[in-house]
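**Q** Chains as they are written, first to last, in this note's numbering: chain A, 1 to 315; chain B, 316 to 663; chain C, 664 to 1214.
Hints are supplied without guarantee of correctness; some may be wrong.
[To be verified] Short derived list, chain C residues pointing at chain A, Cβ under 8 Å: (1) Phe888; (2) Thr889; (3) Asp919; (4) Lys923; (5) Gln926; (6) Asp1084; (7) Gln1086; (8) Val1087; (9) Ser1183.
Keep in mind that the hints were calculated from the coordinates and are not lab data.
In this text the structure is predicted, and so the values were computed from the model without any measurement.
Where is the CB? At the ideal position from N, CA and C, for every residue including glycine.
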Amino acid sequence: MTRFVVRRVMQMLIVLFAVSVLTFLIFNVIPGGDPALRLAGRQPDPGQLERIRQDWGFDEPLYVQYVKTIGNVVSGDLVSYTTQQNVWQELKGRIPRTFSLAIGAAIMWMVFATALGLYSAVKAGRFADRFLTIIALIGISMPVFWVGALMNYYLGFKWEIFPNGGYVPFGEDPWEWFYHLLMPWTALSLLFIGVYSRILRSNVLDTINEDYVRTARAKGLSERRVLVRHVLRNSMVPVITLWGLDFGAVLGGGAILTETVFDLQGVGQYAAESIGQLDVPPVLFITLFGAFFIVLLNTIVDIMYAALDPRVRLA
Amino acid sequence: MASEPATDYAFQGGPGAFEEEAGHEEVHGLSPWRLALRRLKRNNKVAIVFGVLFLLLVAICLAAPLWANGPADTDPYKNHLTETIVIDGKKTNVVSLDGVPIGPTWQGKFFLGADTNGRDTAVRLLYGGRNSLLIGCAAALITALLAVILGILAGFVRGFTDTVVSRTLDVIWAFPVLLLGVALGTALSLGGLEIGPIKLGAGSKLIPILIIAIVYVPYMARPIRGQVLALREKEFVEAARAQGMRPSRIMLSEILPNLSSTVIVFLPLMVANAILLEAALGFLGVGVKAPEPSWGTMIGDGVKHILSGPHLAIVPGGMLVLTVLALNVFGDGVRDAFDPRSTVRMEH
Amino acid sequence: MRRFWWAIAAALIAAAAMSVSACGDDDDDGGGGGSGKGSAELTVASAGPDNADPVLFQTVQAVQVFQLVYTPLVTYAHEEGEGGTEIIPGLAEEVPEPTNGGKTYEFTLRKGLEYSDGTPVKASDFENTMKRLLKLGSVWSSFYSGIVGVPEFQEAGDFGGDIKGIETDDASGKITINLTEPDTKVLFALAEPYTAPTPAAKSPGKSLKQPPPGVGPYTLDVVDFTRKWVLTKNPRFDLPGIPKAKFNKITVNVSDSVTKMTQDVINGDADFMTEDPTGDQLPEVRAKYKDRYSEAPNPPNTYYFFLNHKIPPFDKKEAREAVNYALDSRALVRIFGGRLTPGCTFLPPDLVGYKNYDCKYGDPNGPPDIAKAKQLVKESGYEGEKVTVWTNNKDPRPAIADYYRDVLNEIGFDADIKTLDQQVYFEQVGLERTKAQTGFTDWYQDYPHPGDFIDVLLSTDSLQTEVTNNQGFVSDPTLDKKLDELRPKTPEEAADEWGALDEYAVNDQAHVAPYGYEESSSFFSERMDAQNCSGVHPVYKNDWLLFCVKE
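Next comes chain A alone, as it looks inside the complex:
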């Protein structure tokens, strides 16, 4: 087992390394922006550009620059080309926002998906089930930024039920924090509720016909007890693992769209802006940050499966 874990962790590190190299190359090799120009401002004289290149090390070979940059990432000294401020400082303020969004949405989608999926399965084949399936499919089909924008417009601006975007830190006002996040959470969850409720529904339908459920019923347990203790618990396992993977993905980058629409100023929004400005340091940092979560959660899931099923360890 330990061998398996070690192997997976090694894989994780290799993948992260490859991701960092790929990001670095995308922005430095593909034709585009000369970072020296950006740092120099609007009217640099020729000598100035040269001096900037030397100061920042742009004239050194690529692999040297790469090593230096990664060194800066690890030591927290990374500086943005655009603002010339420390990247980690900037991110520190933004991470709570992205986490608040992702975790809140994750809890919301789990709760609703479970409820809807279970209900759908219990009423399988009947009108309620078909109706909920259509709703779920609609949820999957709506782009999160569109839903978010419309919610913002109708609920926020026109009818003034919710605030018009923006983020209030928890430390400042917990109720406002919650209130401002309700719409973003809903917009982000809709998609996943659609997906997960259907997965749960089909898992529940599978398990509901298993022998041990029949045994439980035969033992005289109430239907609700049967559902919750036996059926639901067993159906949830694959759902939870998927939840882990998707959560990693949202944290890694899927939050960009929701953050942009509601102007939450989180990590995702920062990443999108930095990419547009060809500001490599923050992009590199955030990409590694996101990839780290995706890969970490993937690895944890794989390890959990290996713990359960010895056959997997040989794969």
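Start from chain A and add chains B and C according to the hints.
**A** Leaving out everything else, chains B and C in the frame of chain A:
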């Protein structure tokens, strides 16, 4: 973005009973295709309806020039900023001096209103649909192609090839999807792409197609690899090997056909997701380049003007949702038809 | 059983993570607070200054903040409108007349001046600031290239070196500046906040993360570069002719979202915003908040399309004229959401030297002459030529470019668009090797001198730097010769000649295609007196020293 680990993959739509020639008993099995079609027709009329709806939407978008040259009398690029039209007998500015465009007029011209540059929304919607659908379908097909090739190579040849392919897929998979798309889109938007003989201008539609295609390859390649792993242990493959068939021949004639149902099931979902990703990239400003319209860029522009012109976001978004929904329902039906117990999933 | 515990574990981890993220979350977002604190404090919403170092900032948001903290030797009067273009004494006793054929300016520091931290002001501090400006590659360095010894200092690259043309004497407080040739622009450039002396001991030859002390009504503290800057009243400040601080504290809340800023001003969480409300919000703001919202083409600015003279098709005058005939300012007004005054001149109104000459290419408030434009395109021989319109992604520039593209297609070109991010746009189109044929550009006056427009944007001299603001690569010997004549003259005495030069550049040579002047907005919260104290200033855009609360 979720897909189960390869080992949990359990696609049962493998080779069904194949038709037997006369001479045996009258066992008339059906090919998996026929079986699927029958199940679809019998159980899932809804899916067929939505499938037809999708084709209808495609047809409408393809007929864009008919609308543009006919009732609308313009093209998707023309700015009508200083013009006026007559609505209910009153002469109205297409775009007010304040910059507010008119909403739907339900007339030939500006049927669905105008945008802040005075362009006809309905015309742009249809032409934008062509672009979005083209990119979505092309990307999905390329993904399928790459996924099949990589999946077969990794799953059948195994060993070092498998390691290389799987690790590469892992790297692409680890890259946050949207960040990768935006990064590539931005980087390529400046100078286009130049690899050896291949030269793509910055405005080429092939760039978003390729980006979307590459980003989704792992989602399809992994399950296919899993299926190939299972298939290669089957008797008929062993038989082929015993017969002395070369590996490449086995891959082509034995493995590949058995993947066809998997691919068919994946395709509608892939197209749906490709269209959604194209919209997301367009919204963030790295999709199709101006002045070409696409649903994503129209939604992006519309969101910027949502207070003064909500129709600008609602119209392309609604069309997009309808199209993707149609694909999802149809895709669902197809999957159920091929195997009601299938666990093939492709969601983001 | 095990699986159940996993579910619990997952839930616990989620809850823990939530609380960690919530706890780590106490930076002051600046949503609440502000105007509720009475007339002693002011809250401003802004996109934020772009640099904390007073010689390196570039944006109009930055100058509004820095002018409150740093007073240069001479400065601009703190008056609304045209009064704000007058140069008055700052740290110097009086505004000097140039001597030595216009090549020498002699300043004398006032006696007993102290920085906000108590250190006495020395004459040599001025030279130190100028050296920082030049050594650190400030974007304003080109303004001072006419001072003797500046190019040599820049080339030597040694901060310890000396600038020959600046002589200071700490004992007498005298500062003497010698120019290589007479040029009245330099005095105007010296009145800008970035030349203000700061204590040499606290102002080394590298860029600073916190602003050094200055002599000004306020002191500045960068609490959080991308979130919050705070200005505090400087009790030591007392200079004749410059108002003292009215508010004890000004909090600048930095944000990316103009939509949110507008909301904040509407409901009083911010008293003023340095940005213009989005085009989307403008109709509502104009309708509902008329009494606290106003627009003015200020600071004087011109919006135009650059036309690259070095490559086809705009190397031919006919093609350039065609563009001027074809542009319809009325269409562009709509794209600006109404915040554009149509015009055909290169120098904007409200700038000395502006001449309201006949618009050869048609009344800007009337229809364009497409037929004539088409004919000129044919004459140029470039009919069907592929043209790329360059623009950046800041609203509404993409829409402007799309309109322009449409017009170019209409008159016979084959046009498409290329959009770059606004951070990288100007550095790209200002490079000759980019070969940008035409595209969006604009220019806001840096100081009230017509040379800031024509000399900086259309002269051959401006092509010296690698990235130029003369994106059309205009190099016209007649124009250059006239500029040589005009440099020694003050703007007032040469006003007519500047106007004539503008007319020559646009009507005669079609060097550029101007279409109007953007109106910037001043939007205040309910408690501010927007009618009398809007502080509209030609150099600083809004002079916060002139803001006041309603009685």
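**Q** Is the shortest C-beta separation between Val1087 (chain C) and chain A less than 8 Å?
**A** holds, 5 Å
**Q** Under 8 Å is the threshold here; is the Cβ of Asp919 (chain C) close enough to any Cβ of chain A for the hint to stand?
**A** holds, 7 Å
**Q** So, as I understand it, the hint says Phe888 (chain C) touches chain A; can you test that by seeing if any CB pair is closer than 8 Å?
**A** Given a least distance of 5 Å, the restraint on Phe888 (chain C) holds.
**Q** Under the criterion of a CB-CB separation shorter than 8 Å, is Lys923 (chain C) in contact with chain A as hinted?
**A** holds, 5 Å
**Q** Report holds or violated for the interface hint on Thr889 (chain C), using the least CB-CB distance to chain A and a cut-off of 8 Å.
**A** holds, 6 Å
**Q** Mind checking the CB of Ser1183 (chain C) against every CB in chain A and telling me if the closest is under 8 Å?
**A** violated, 20 Å
**Q** Does the nearest C-beta of chain A fall within a distance shorter than 8 Å of the C-beta of Gln926 (chain C)?
**A** holds, 6 Å
**Q** Quick check on Asp1084 (chain C) please, does its C-beta sit within 8 Å of some C-beta on chain A?
**A** Cβ of Asp1084 (chain C) sits 4 Å from chain A, so the hint holds.
**Q** Against chain A, run the beta carbon of Gln1086 (chain C) and see if the smallest gap drops under 8 Å.
**A** Holds - the Cβ of Gln1086 (chain C) comes within 8 Å of chain A, reaching about 4 Å at its closest.
Comparing the model with each earlier hint shows a violation of hint 9 alone; every other hint is respected.
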